[in-house]
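*Asks:* Sequence:
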Amino acid sequence: MTDNHPTPRDPQVSGWRKATYSNPDQSCVEINHTGAAVGVRDTKNRTAGALAFRHEAWVRFLSNLIRP
1 MTDNHPTPRD PQVSGWRKAT YSNPDQSCVE INHTGAAVGV RDTKNRTAGA
51 LAFRHEAWVR FLSNLIRP
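Numbering (the UniProt record's numbering), first residue to last: 1 to 68.
If you are wondering where the hints come from, they were derived from the structure by calculation, not from laboratory data. Remember, predicted model here, so these are calculated numbers, not experimental data. Backbone N, C-alpha and C fix where the C-beta goes; we use that ideal spot for every residue, glycine too. Certain hints may be false.
Each computed EDC-like pair below joins lysine to aspartate or glutamate, with the alpha-carbon atoms no more than 20 Å apart [to be verified]:
1) Lys44 x Asp25
2) Lys18 x Glu30
3) Lys18 x Asp42
4) Lys44 x Glu30
Derived DEER-like restraints, expressed as beta-carbon distance ranges [as the list claims (entries may be wrong)]:
5) Arg67 x Val40: 15 to 25 Å
6) Asn45 x Ala19: 15 to 25 Å
7) Glu56 x Asp25: 30 to 40 Å
8) Thr47 x Arg67: 29 to 39 Å
9) Pro24 x Arg54: 23 to 33 Å
Whenever a hint applies, use it, and build me the whole structure from the sequences.
*Replies:* Put into structure tokens, the structure is as follows:
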């Protein structure tokens, strides 16, 4: 049986990024596009793991953020 759930990249792998206007106290999240998935992790604890979202769900989430 194959696992159909997306998984983020290893926390030590490059490719993680955060907004350039993030708080200097590290109170933010980073994202990592991994093809079909987007990983999201806390910058205060990068090795604690990450959440993974399918690309389609991430796009819906972002579009809801920018709606008035």
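*Asks:* Now look at each hint and say whether the structure bears it out.
*Replies:* Outcome of the hint check:
no.: 1; hint: Lys44 x Asp25; in the structure: holds, 9 Å
no.: 2; hint: Lys18 x Glu30; in the structure: holds, 4 Å
no.: 3; hint: Lys18 x Asp42; in the structure: holds, 10 Å
no.: 4; hint: Lys44 x Glu30; in the structure: holds, 10 Å
no.: 5; hint: Arg67 x Val40: 15 to 25 Å; in the structure: holds, 20 Å
no.: 6; hint: Asn45 x Ala19: 15 to 25 Å; in the structure: holds, 18 Å
no.: 7; hint: Glu56 x Asp25: 30 to 40 Å; in the structure: holds, 33 Å
no.: 8; hint: Thr47 x Arg67: 29 to 39 Å; in the structure: holds, 34 Å
no.: 9; hint: Pro24 x Arg54: 23 to 33 Å; in the structure: holds, 32 Å
Hint compliance for this structure: no hint is broken.
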